[in-house]
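A.B. asks: Next come the chains, spelled out residue by residue.
Protein chains: 2
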Amino acid sequence: MIESMEKRRTIRSYTNKQIDDAVLLDLLKIACRASNTGNMQLYSIIITKDAEQKKKLAPTHFNQPQVMNAPVILTFCVDVNRYQKWCKINKTEAGTDNLMFFTNAAIDTTIVTQTFCTAAEEQGLGICYLGTTLYNSSQIADILECPKGVIPLCTISVGYPAEEVGQQLRLPFKAIIHDEKYTDFSDEQIKEIYKETDEDESNKEFVKINNKKNLAEVFSQIRYAKKDSEFFSNEFLNSLKARGLLF
Amino acid sequence: MIESMEKRRTIRSYTNKQIDDAVLLDLLKIACRASNTGNMQLYSIIITKDAEQKKKLAPTHFNQPQVMNAPVILTFCVDVNRYQKWCKINKTEAGTDNLMFFTNAAIDTTIVTQTFCTAAEEQGLGICYLGTTLYNSSQIADILECPKGVIPLCTISVGYPAEEVGQQLRLPFKAIIHDEKYTDFSDEQIKEIYKETDEDESNKEFVKINNKKNLAEVFSQIRYAKKDSEFFSNEFLNSLKARGLLF
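Chains G and P, in that order, give the protein sequences.
Numbering follows my numbering, in which position 234 of the first sequence is assigned residue number 232; successive positions increment by one, without gaps.
Numbering follows my numbering, in which position 158 of the second sequence is assigned residue number 156; successive positions increment by one, without gaps.
To be clear, the hints were calculated from the coordinates, so they are not data collected in a lab.
Heads up, a few of these hints could be off.
Identical chains blur together in the list; that is why a pair holds if it fits in one copy or across any two.
[Claimed, not checked] Derived DMTMM-like pairs: lysine to aspartate or glutamate, alpha-carbon spacing no greater than 20 Å straight-line: (1) Lys239 with Glu228; (2) Lys239 with Asp196; (3) Lys86 with Glu194; (4) Lys225 with Glu1; (5) Lys179 with Asp19.
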């Protein structure tokens, strides 16, 4: 396993080979063995294999080709609906419409997603997270007929790899790990930490194409621009409130 | 790996055996290979081994014994500080104080946490998530000297297992998995799904000790009571705002 984890790459292109149902279910069962808050299992997993459903989902993921190309799309949802219903038939109030419950459920949902990914990759499958899920969670919830208390959080495409890709750069380890206390960074240290990223040829090309001065501009002004983040934050907050996940 | 994932149990008691530094760092490096949003790596990991630091952390985790007992405590933090500083020296605004950035960073932080856990378990280590992190994130941030833009999200204790414990019950698979669309549950289905949980002897004992009528009451009135969740939600929201993670 450790080897498959060390060598992993995100895979966006898949062969025609289908994933055996038993294999998929086994991997999902393994994922559900992961830790979760108080064993409430505040998540649900929706399997999409049907081409018509994929067609409906594709625009919500900004038509990223892997939605149609992957044999399986998995949507991992925060789910307080099941827990609420259990409380209701036991005549007690669940009290789940708050940030604490949502954050716990979001952590649990992410844990189960990532555990699935690690297990799937070890079995030779390739995965890709679709970050678009947060942008259009409400529309995805409608397509998947999620009731109140359920909101999509993580989507992954999964299938047998049809591409060989290099590993992405990561920041140097000293940027991530702190010993006993967080040691903040000087400007010089930040420059050093981001040196390899800033000087990477494909990143430089990316800066040029986008007509920006540097990679930080591309990220902060185009890929994750403040106004877009604020727009989608508002959409997401409204979606959480409308679906009874936040008061 | 698949076997270690299938058989995993949360471990709260550890032997005196220390974790070799090189082993720990290798596992953390492997964890950082996991997927993350736009390769921004919006997380930091703080290693606690020092007994004095553990003593300070213990009350923030409601004195759960594994904080002192484990050779290593790892605090995985949402971190937009490093990214902000990179943007600043490149004279561009990061725009990270919104729900979208926070949720993305929280997902990334959880992914790296859980990837570490899976790798560590495969190497014979045992882990336990400390859900208390969200309750006292601000106090933990102070102890670990986190600057603005950094907030603890997941803490795990890790060490070599000194206990053998049984696997916890999980809900039946049909409660979690939905095919193509979410299929909502009737009262009868909810009863069936929770039957094994409700009838479990140790859960029944737990209900009796707590002087409640059923397990749903214990969860909704004691363990995750609405008023407590709302109190800690407010604390957490204030903490996110004070630390510049939400506007």
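A.B. asks: Taking the hints in turn, state whether each one holds.
C.D. replies: Quick rundown of the hints versus the structure:
no., hint, result
1, Lys239 with Glu228, "both (16 Å within a copy, 15 Å between copies)"
2, Lys239 with Asp196, "neither (40 Å within a copy, 30 Å between copies)"
3, Lys86 with Glu194, "between (55 Å within a copy, 18 Å between copies)"
4, Lys225 with Glu1, "neither (41 Å within a copy, 46 Å between copies)"
5, Lys179 with Asp19, "between (47 Å within a copy, 17 Å between copies)"
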